[in-house]
Amino acid sequence: MTRTHVVAAAMLAAALVAPAFVYPIFLMKLLCLALFACAFNLLVGFAGLVSFGHAAFLGMGGYVAGYVIKAWGLTPELAMLCATAVAAALGFAMGRLAIRSHGIYFSMITLALAQLVYFLCLQAPFTGGEDGLQGVPRGKLFGLFSLADDVHAYYFILAVFAFGFLAIYRIVHSPFGNILKSIRENEQRALSLGYDVSHFKLVTFVLSAAISGLAGAAKTVVFGFATLNDVHWHTSGDVLLMTLLGGIGTIWGPVAGSTLVVTLQSELADTAGSKVTIITGLVFIVCVLSFRRGIVGEFNAWRSRRAASKAEPLAHSRAIVGDAAE
Amino acid sequence: MEVFGIPTQALLGQLVLGLVNGSFYAILSLGLAVIFGMLNIVNFAHGAFFMLGAYLAWLALDNLGIGYWWALLLVPMMMAIVGACIERGLLRRLYELDHLYGLLLTFGVAIVIEGIFRDQFGVSGQSYSVPAQLRGAIDLGFMRLPNYRVYVVVASLFVCLVTWLCLERTKIGSVLRAATENATLVQAFGVNVPLLFTATYAFGAALAGFAGVLAAPIVQINPLMGSNIVVVVFAVVVIGGMGSILGSIITGVSLGVIEGLTKVFYAEASSTVVFLIMAIVLMIKPNGLFGKGVAA
Numbered sequence: 000m001t002r003t004h005v006v007a008a009a010m011l012a013a014a015l016v017a018p019a020f021v022y023p024i025f026l027m028k029l030l031c032l033a034l035f036a037c038a039f040n041l042l043v044g045f046a047g048l049v050s051f052g053h054a055a056f057l058g059m060g061g062y063v064a065g066y067v068i069k070a071w072g073l074t075p076e077l078a079m080l081c082a083t084a085v086a087a088a089l090g091f092a093m094g095r096l097a098i099r100s101h102g103i104y105f106s107m108i109t110l111a112l113a114q115l116v117y118f119l120c121l122q123a124p125f126t127g128g129e130d131g132l133q134g135v136p137r138g139k140l141f142g143l144f145s146l147a148d149d150v151h152a153y154y155f156i157l158a159v160f161a162f163g164f165l166a167i168y169r170i171v172h173s174p175f176g177n178i179l180k181s182i183r184e185n186e187q188r189a190l191s192l193g194y195d196v197s198h199f200k201l202v203t204f205v206l207s208a209a210i211s212g213l214a215g216a217a218k219t220v221v222f223g224f225a226t227l228n229d230v231h232w233h234t235s236g237d238v239l240l241m242t243l244l245g246g247i248g249t250i251w252g253p254v255a256g257s258t259l260v261v262t263l264q265s266e267l268a269d270t271a272g273s274k275v276t277i278i279t280g281l282v283f284i285v286c287v288l289s290f291r292r293g294i295v296g297e298f299n300a301w302r303s304r305r306a307a308s309k310a311e312p313l314a315h316s317r318a319i320v321g322d323a324a325e
Numbered sequence: 000m001e002v003f004g005i006p007t008q009a010l011l012g013q014l015v016l017g018l019v020n021g022s023f024y025a026i027l028s029l030g031l032a033v034i035f036g037m038l039n040i041v042n043f044a045h046g047a048f049f050m051l052g053a054y055l056a057w058l059a060l061d062n063l064g065i066g067y068w069w070a071l072l073l074v075p076m077m078m079a080i081v082g083a084c085i086e087r088g089l090l091r092r093l094y095e096l097d098h099l100y101g102l103l104l105t106f107g108v109a110i111v112i113e114g115i116f117r118d119q120f121g122v123s124g125q126s127y128s129v130p131a132q133l134r135g136a137i138d139l140g141f142m143r144l145p146n147y148r149v150y151v152v153v154a155s156l157f158v159c160l161v162t163w164l165c166l167e168r169t170k171i172g173s174v175l176r177a178a179t180e181n182a183t184l185v186q187a188f189g190v191n192v193p194l195l196f197t198a199t200y201a202f203g204a205a206l207a208g209f210a211g212v213l214a215a216p217i218v219q220i221n222p223l224m225g226s227n228i229v230v231v232v233f234a235v236v237v238i239g240g241m242g243s244i245l246g247s248i249i250t251g252v253s254l255g256v257i258e259g260l261t262k263v264f265y266a267e268a269s270s271t272v273v274f275l276i277m278a279i280v281l282m283i284k285p286n287g288l289f290g291k292g293v294a295a
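As they're listed, the protein sequences go chains E and U.
Going by numbering that gives the first Met the number 0, the first residue of the first sequence is number 0, and it counts up by one from there.
Going by numbering that gives the first Met the number 0, the first residue of the second sequence is number 0, and it counts up by one from there.
Mixed in with the good hints, there may be bad ones.
In silico contact screen, one side only, chain E against chain U (beta carbon under 7 Å); selected entries [as the list claims (entries may be wrong)]:
id	residue
1	Val49
2	Met107
3	Phe118
4	Lys274
5	Gly280
6	Leu288
Covered stretches of chain U (chain E as the covering partner; in silico rule of three or more C-beta atoms under 8 Å from a C-beta of chain E) [said to hold, decoys possible]:
id	region
7	86 to 99
8	224 to 234
9	266 to 272
10	276 to 284
The calculated label-pair distances, taken between Cβ atoms and stated as ranges, are [what the hints assert, rightly or not]:
id	chain 1	residue 1	chain 2	residue 2	range
11	E	Asn177	U	Ala9	53 to 61 Å
12	E	Ser197	U	Leu63	50 to 58 Å
13	U	Trp69	E	His233	34 to 42 Å
14	U	Phe120	E	Leu165	45 to 53 Å
15	E	Ala13	U	Ala266	46 to 54 Å
16	E	Arg2	U	Leu245	56 to 64 Å
These are computed hints drawn from the structure, not numbers from a lab.
Note that CB positions come from ideal geometry on N, CA and C, so glycine has one too.
Okay, chain U solo, but in the shape it has when bound (with noise of 0.2 Å):
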């Protein structure tokens, strides 16, 4: 069977691949999309978090014998601490400057994290197995569906419809999103404005090495992973515009797609077309698909 020439095992194969990307660039720029709102702040880090939750599974495998599925639940726990410390103590003073201030500190930031691991762990990758339970693979007839991917679209979409529904539906979702159109007035009302900032600062770290986690069996865990992905997650933000929580996700996984599907079609492409895909809709909606009005 083939389509356009390509034979339709590669094509699912390169979809599914793809659909993994997307998952992992959607939980990124959900947590982006989360910090800015709240904080106006780009976190740099972002990347380096994301790469420090794949090496913390990695760490408590090797050193304490903590399996995948404490990690998933402990590792997103100590990025949230290290989030949460961040933004106590470094991020907190900048915020009464410009908002580059903070996509400079986070830089700096997700310079040494990334400069401690280079220098501990070298450059080379690590490899971190698949866990028992989603070892294996689904036979469709036409191709094999390896589980454990499967299981990563699911539970990154599943996280960030929760986060969503969170966000729209619930009672502190609301308060945060008063809070981002105006965060004096809703101090003004009693909410503790700080401590929201300090608690949407640690979540968007946690959602990072909730990534990380997930990444980690299928990867190689290498210092370098979180930078080379920080980017193109900033260039997904930049297409789904920085307003939108649900624009962030359906963006996120549609460039992992297309991105799968270039690698099909014209592999030398597959490294740039996001950045394209960028610089073609910035000609023709500045503010990206989702935005709303310019950001400051």
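Here chain E stands alone, though its shape is the one from the complex (with noise of 0.2 Å):
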């Protein structure tokens, strides 16, 4: 049993009393962005290409999975399903455009393509313009236990973000994670030693939005509606900065960040009102200038810099796992 493991039994552990002690409705807003902060930092942590425009994927599985429950009276994990299917068909159309430029440039045109599904939202027939799709009903899992109750909703919230997020872990330990990472590392070298990269990155791309949009979906389930608001630009400025501040290329750092900006927000939002805003801005550029290997990239760094220190062969190759995307 490697620290990993034990940091995962922990944190189940916790995760499996938490509403005891949280507001349920809270700890499922954390998983569902935490979700998709995972699958956001597997595309910037794991294949080094910073999407501007995730945006897109979390809003519009929201919409599809709040449409099908509301037109076709589907059950809340068919209405995922869906919804993860649209946002990889997304993704997949998406990424095709945008995989092909490198650096900044691809998130530019990550920002500008989210933008045309941002104004195809308002317009589109099923998403309700200005207002969003209202009064989306939890209905029952499987067709047979009801969600209405919040805190069997949370463990089934929970259940989709152990999916998902072992499913991330999976990926990244993978061979074709390793590639990745090489991609990430060096992408011309890859493509010499006869890596298909635009292949890796394109797969790597429809799998992060894939798992972004069953993070909108939970989300659509979760508070019964879906608004324009997760798919403005703002919303994927918001998950770059939990997935920075918590340790871009890390597999715990998402959820770190996810969580202190959700629970920052939601306490700042009675003290500070419209301040939050400014408060987020400067997080981000403390974090940019003096904190970029993020909350997990530190703990990781300094763990390595004890192993280090202690000069035993064998801790440094266990140190490395999750090292930061520098």
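Both chains are given apart, each in its own frame, so use the hints to dock them into the complex.
What follows is the structure, given as structure tokens:
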């Protein structure tokens, strides 16, 4: 059992008892956004592609789930499946256009394409325009178990999160994930070794989009509405902040970052009101200037420094898990 | 008189509006291109600078009684100072890192500026009156052409062309272009490259501020006007390709016109047409219409 397993077991135990202590709706919001951040991190942290348009997938997932539940009366898990599929298709379309370019270009293109999706959502007949989709019922899981109770819904969302998180963990710790990291570190070299770099990038983009769509669908199921807010580029900025703050390219970073950001925003919403945006921006600036490794990244760096000073031959290789993408 | 079943008057009216918007796109994407060429930073705060320019003009008139023409001179100077401070204080620390951090930092700056103005003035719009000298309209017989709109197009294209000429034809322009190619070598020749960087960013900010003052009398001044336009300008820059100054001017104006015409023929698509064009251009020419080679 590695240390990662211990951490995971502790987190799971904490998550299972959490609703006894914390408001379940808040926890569910946290899980949805944490899953979103993890999906985003898959692309940014492991493939090195900084998307500025991930709100499109979260928002679209939310709209699709809301629509199929309301209009077709689907159960929540089928709605999530639909949302994931649509987000994956959207990711394929956007990815095809965007992955041909690099670095800043990639970011700008994803941002512009996401803005296109935003305007489509504003005008499309099925999204409810400015009002969004309201009054989406939570429905019954598999048509059997009612999710109306917040605690029941919480365990379902927790399961969804665990599924998404484990999927990402599997992807990262697979031969596929290793190739991704090699592309991130040195794309030319990966290419010269015969890997079809574009193909790997596209697959990652689609996976990341699909899981983001899943997170969006979960969010709609929890709150019962889907609005333009989730498609707006501010959301793309938020997820970037969560990931950056927690630690880009680490497994737990996005979870830590989103916990911090969501907690901060809900705490500040009462006291600071409209100043939340300013504070978010300042945190962003400070992070970029002096905290680029993020919480988990700094922690890992501290641990590997400590291990190195003890000069244990094995410790170093273990501390590499979740190296920060610098 | 009708063209394709659309009254000429509406068509020409939207054409002029499109030209006006296109001039703003041109002047903003020019600033982005100059900053990118020199600092390798995509300045997300450009929209916020544009908004700041419009607000400063409004505040100057409202609180200090400083009129439009003085604002047109003073606001870009103030924006240059703001830009220089941001470059010296913040951006300078990031030059050795991946260029993406520059984008992230300016994104943070944009959020902060936008947040401050939302906090202070709310999201409702302020209005600024057209200066007395430019009120009224020319009657062309088939349509009325508001003087101020004509002036905006002429003024911004003039500024764009002067900037282009300065970059292509003057000594300082050639130094700047050389530093864009290889900053280390230019520094070895005794040019103060860090100062050049600051000046470039300050100039870009001043251009955005200038555009903001130009826009103040014809738009609703609100905190979101910057972020709404910056994403479109990004698309314009992607379509034009990052490398070319003249390319960004041409692309900016023509996309404004296309957007205006879309409003006439198929209004539903007017907000998406720029992004659709971007998608199509990317499929055919991934580096943009005027781009040279792949941006790192």
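Going through the hints against the structure:
1. Satisfaction of the interface hint for valine 49 of chain E is found here, the shortest Cβ-Cβ separation to chain U being roughly 5 Å, below the 7 Å cut-off.
2. Interface hint at methionine 107 of chain E: satisfied, since its Cβ lies 5 Å from the closest Cβ of chain U, which is below the 7 Å cut-off.
3. Interface hint status for phenylalanine 118 of chain E: upheld, as the beta-carbon distance to the closest one in chain U is roughly 5 Å, under 7 Å.
4. For lysine 274 of chain E, the interface hint holds, since its Cβ comes within 7 Å of a Cβ in chain U; the closest pair sits about 6 Å apart.
5. Interface restraint check: glycine 280 of chain E against chain U, minimum CB-CB distance 3 Å, threshold 7 Å, status holds.
6. Proximity of leucine 288 of chain E to chain U holds as hinted, the smallest CB-CB distance being about 6 Å (cut-off 7 Å).
7. Counting residues of the region 86 to 99 of chain U whose beta carbon lies closer than 8 Å to any beta carbon of chain E gives 7, which meets the minimum of three for the stated coverage.
8. Closer than 8 Å: that is the beta-carbon criterion, and the region 224 to 234 of chain U has 5 residues meeting it against chain E, so the requirement of 3 holds.
9. Beta-carbon proximity to chain E at under 8 Å applies to 3 residues in the region 266 to 272 of chain U; the threshold of 3 is reached and the given coverage holds.
10. By the rule of at least three residues with a Cβ nearer than 8 Å to a Cβ of chain E, the coverage given for the region 276 to 284 of chain U holds, with 4 such residues.
11. For the pair asparagine 177 of chain E and alanine 9 of chain U, the supplied restraint of 53 to 61 Å holds, since their beta-carbon distance comes to about 60 Å.
12. At roughly 56 Å, the beta-carbon separation of serine 197 of chain E and leucine 63 of chain U lies within the given 50 to 58 Å, and the hint holds.
13. Distance hint for tryptophan 69 of chain U and histidine 233 of chain E: a CB-CB separation of about 35 Å, consistent with the stated range 34 to 42 Å.
14. In this structure the hint that phenylalanine 120 of chain U and leucine 165 of chain E lie 45 to 53 Å apart at CB holds, the actual value being about 47 Å.
15. In this structure the hint that alanine 13 of chain E and alanine 266 of chain U lie 46 to 54 Å apart at CB holds, the actual value being about 53 Å.
16. Taking the beta carbon of each, arginine 2 of chain E and leucine 245 of chain U are about 57 Å apart, inside 56 to 64 Å as hinted.
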